[in-house]
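Listed below, chain by chain, are the residues.
Protein chains: 2
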Amino acid sequence: MTITGKILIDGEWVEGQSGTYQAVNPATGEKLEPALSKASSDQVKEAVAAAEASASKFRRSSLSQRANFLRSCADEIMALGDTLVQRAMVETGLPQARIEGERARTCGQLNLFAETVLAGDFLDVRIDTALPDRQPLPRLDLRYLNQAIGPVVVFGASNFPLAFSVAGGDTASAFAAGCPVLVKGHSSHPGTSELVAQAIAQAVKKTGMPAGTFSLLMGSGREVGAALVTAPEVKAVGFTGSFAGGMALIKLANERPEPIPVFTEMGSLNPVVLLPKSLEDNAEQIAEAFVGSLNLGVGQFCTNPGLVLGIESPALDQFIEATAAFLVSQSAGVMLNEGIQQAYNEGVATISSQPGVAKRAVGESQENKPGFCCQPTLMTVSASAFIANPLLTEEMFGPAALLVTCKNLAELLTAVKSLRGQLTGTIHTAVGEMVDYDELIDALSQRVGRLLVNGFPTGVEVCHAMVHGGPFPASSDPRFTSVGTAAVYRFLRPICYQNYPKELFPEPLQDSNPLGIWRLINGERTTTAV
Amino acid sequence: MTITGKILIDGEWVEGQSGTYQAVNPATGEKLEPALSKASSDQVKEAVAAAEASASKFRRSSLSQRANFLRSCADEIMALGDTLVQRAMVETGLPQARIEGERARTCGQLNLFAETVLAGDFLDVRIDTALPDRQPLPRLDLRYLNQAIGPVVVFGASNFPLAFSVAGGDTASAFAAGCPVLVKGHSSHPGTSELVAQAIAQAVKKTGMPAGTFSLLMGSGREVGAALVTAPEVKAVGFTGSFAGGMALIKLANERPEPIPVFTEMGSLNPVVLLPKSLEDNAEQIAEAFVGSLNLGVGQFCTNPGLVLGIESPALDQFIEATAAFLVSQSAGVMLNEGIQQAYNEGVATISSQPGVAKRAVGESQENKPGFCCQPTLMTVSASAFIANPLLTEEMFGPAALLVTCKNLAELLTAVKSLRGQLTGTIHTAVGEMVDYDELIDALSQRVGRLLVNGFPTGVEVCHAMVHGGPFPASSDPRFTSVGTAAVYRFLRPICYQNYPKELFPEPLQDSNPLGIWRLINGERTTTAV
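Chains as they are written, first to last, in this note's numbering: chain C, 1 to 530; chain R, 1 to 530.
Worth flagging that the hints you see were computed from the coordinates, not collected in a lab.
This structure is a prediction, so every number in the text was calculated from the model and none was measured.
One thing to keep in mind: the hints can contain errors.
[Unchecked claim] Heads up, simulated SDA-like pairs for lysine to any residue below, C-alpha to C-alpha not over 20 Å straight-line:
no. : chain 1 : residue 1 : chain 2 : residue 2
1   : R       : K277      : C       : L504
2   : C       : K502      : R       : S56
3   : C       : K417      : R       : S56
4   : R       : K502      : C       : E433
5   : R       : K57       : C       : Q318
6   : R       : K502      : C       : N454
7   : C       : K417      : R       : Q147
8   : C       : K407      : C       : Q318
9   : R       : K417      : C       : P259
10  : C       : K57       : R       : E439
[What the hints assert, rightly or not] From chain C, some residues computed to sit far from chain R (all C-beta separations above 12 Å):
no. : residue
11  : R71
12  : I127
13  : K251
14  : S353
15  : I521
Glycine included, C-beta positions come from ideal geometry on N, C-alpha and C.
Take these sequences, add in the hints, and give me the full structure.
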């Protein structure tokens, strides 16, 4: 496979009609070949029309057809081989092991959604059988199942060029639901995006899915992104990125004649609470693991631990010292692109100049390094200054953290209660310690999607039990996760069939339960026939 | 129990501080005693603070405690006896049988949610156990469950003074989820609202729920309603009513610093499609049943069939004749209040004056009848005129219908595709006929929450398989129903516990599965222990 610079509309690779651009190697600042073309808003309309024209057939594909398609996507991505890995590395500055790991995760995710589709639980089938003799009124036969909501727009994220991009979790879960997908690829890794789109296009053909099941549109967020979100046929949007970017899409979606949901995952501070005994026992080890998590992937994770809270004590001082000592030896890594580098530097400068904030330690300087590098940074602030200044809860995307020192438990509780919604919250606790902090833990749990103990939030397992989401502004809708199999719920809506001819039911609703799926029949969970 | 005119805040009945008003008997236009007090915005703040203060305890109540509370609500409503029935009748103009039936439905609904709570399926528990030896990285123990989203505001609807009001489906499902509820009672049946609130307040006390679990606030939508929706502690809103009212709440909720979901059910045309053979066989019977459904409850149902579509034929003419004949004998019933009567009259006047629309038949005139009565009305229009005029898809809330005559199947298909989202869609079909109309049925199914065959949409079963919702503007979010046990999903959000101390898990997540609920353990649906 080679990169052509074309975009994919209705199964055809065509030149985008809004000019060209080139990707940039963030490790060197050099432009990469070939030139890539950008979609026009007319081309967006074509792609959306193709998605709509394919929606009914794809929605009504059998569970096994859809599972085959998902698996085929994974196979075709692996078949891209080293071409994909090399291009992703050069476009993102991420090392080979990380890209290969992310590819494994991406394909594993597609295969897990294939299993999820076959299991059929996501359909939430409910059957209430007719009660013709019920008094005062008979009950008619009623059958409920979740079905695809319609065409979905996915915005690729910069920080996961595979797992949160063209064939990432949003795309995989929308396909699992039976929704055609229109991807607005991220300009930070356009060649990678095209290669993955080639793989999906192959899978569409090989498994006989309609051509409009998948399109790739490269171009500007303002032109292509806005045209996609405002297209009447589009029924939902998935987005991982900045707060400003997410809110702009939500605004567009809310102003449509038919408003649609935009599932944004907009980052987070991911607070880490250090309980006193835990620090007394393990300050050094926690500090080492913390710095590892903070600097992993050059800090470019949505779950990067950017905020630490502890109660003043010699052990907390020891933790700060140890963290500082580990941090100074960290090198200045290459960020994903120039814009992210610039935002990081500005963010650190802003936070560190706030009243009461002290820069406590920095790693290697990015000055005199080629490309878009950044300096790991630890800052400290008192809880009173933190609570008084909402600006200190702004995310710095990259390897920077703010440590909040609290005078006592009451101040720690107030600081936690001052937080807005977060993707994750972490507690470090000695054995048996947590039970004495019920109000604190409860307050933290109400502000997060994932609550974790004695670990760090980076590393988001793709499984059934994952929640990657959380109260606003971590995500736009805390009722849904964007990672894990429950992510499919975002793209489904229930429909109820009343007194419907039995011979016309889709398989999941048929009396005999030919798929052998779990169903709720008259309130009982069962795999038996009606 | 007597009506005091007070409002309920944090378990205390107090005088509202924004003046008083009186309910009106719509059958006579007379004001009803006693005077009732309206909440001030400060009182709203008190009630919201009480809900927030109760949220943690109520959220963490055990499933059996919560089920007991729901059942107790039902028992206490029944214990109000004839006082409730008589007051509801005089405030709404609805007959005794209807009010008693609605009371049975309301209490049955509370009891069904109690069963749903005990079954525990709504928690969607997912457990992925630790894989310490997995390569390249171990997996940590991950456990997922749905939990209450926080305080919920419910707006009582005018047309169901019990089943969609103070203790209606929104309240019952929010309680089932573990969310405190703040009800803004409807001014059309304030005495009824207070009586039901007295019952819930009793249930709160008897079952030991925290006092802020439930509050009743009467007053204006603009003052009390807006103060509730914009209160920062409130996390979701349930509303059944007009499009304008629903959209105003959505706008308020979207403009909050933390936007929240507003689940609005904003009515619908509920299109009925008459397939040709069905009409040939049964024009007369269908017409009779149609008029019965259209005029049921004086047409004041969200699922009232206000739009009928058929292909021109002698059988369709026969259907129109028969419908007209049945309609003229229908009496002018009492509407719920003066505003609804006025809106109905204006709606019928507007629609009937559109190009191509003909008034085909009317029932008894409301002129010279006491109170707020209305005249049943049938209008006809050609499909071409219908498709060309979006105004003809406006709902007329009351016993009025528009019948669209289509030249052929293609025109019928175009007319169906021109429809916006609907709560229901109905098909009348002869045996085996539907299979030849796949594209039409599929197009209709994509525009509705409930698709029903050979019946009429009025009469919404409260059960597991019901969907009362649908694509916008029938509801604000087609992914959720407001009737049936799946309504609980609106008020839940998932949380994931990672590597959490086993002794601190809530019951549904404990290894031994003490509640015996269905869980997904490593991808397998089971009730066994971990």
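Evaluation of the provided hints:
1. A distance of roughly 18 Å separates the Cα atoms of K277(R) and L504(C); the hinted pair therefore holds under the 20 Å criterion.
2. For the hint pairing K502(C) with S56(R), the CA-to-CA distance comes to about 46 Å; that exceeds 20 Å, so the pair is violated.
3. Restraint check for K417(C) and S56(R): the C-alpha separation of about 14 Å stays at or below 20 Å, so the hint holds.
4. Taken as a hint, the K502(R) and E433(C) pair is honoured in the structure, with Cα atoms around 13 Å apart against an allowance of 20 Å.
5. Only pairs whose Cα atoms come within 20 Å are accepted, and K57(R) paired with Q318(C) is rejected, the gap being roughly 37 Å.
6. Using a Cα cut-off of 20 Å, the hinted pair K502(R) and N454(C) holds, with the two alpha carbons roughly 13 Å apart.
7. A hinted pair counts as satisfied when its Cα atoms are at most 20 Å apart, and K417(C) with Q147(R) qualifies at roughly 19 Å.
8. Proximity of K407(C) to Q318(C) is assessed by CA-CA distance (about 16 Å); at most 20 Å being required, the pair is judged to hold.
9. The hinted pair formed by K417(R) and P259(C) meets the criterion: a straight-line CA distance of about 18 Å does not exceed 20 Å.
10. Straight-line distance between C-alpha atoms of K57(C) and E439(R) comes to about 11 Å, which keeps the hinted pair within the 20 Å bound.
11. Against the 12 Å criterion, R71(C) stays outside the reach of chain R, whose nearest CB is about 16 Å from its own CB.
12. Some Cβ of chain R comes within 12 Å of the Cβ of I127(C); the nearest lies about 6 Å off, and the non-interface call is violated.
13. Interface exclusion of K251(C) from chain R breaks down, the closest Cβ pair being 9 Å apart, not more than 12 Å.
14. No beta-carbon of chain R comes within 12 Å of the beta-carbon of S353(C); the shortest separation is about 25 Å.
15. Against the 12 Å criterion, I521(C) falls within the reach of chain R, whose nearest CB is about 9 Å from its own CB.
Checked against the numbered hints above, the structure violates hints 2, 5, 12, 13, 15; every other hint is satisfied.
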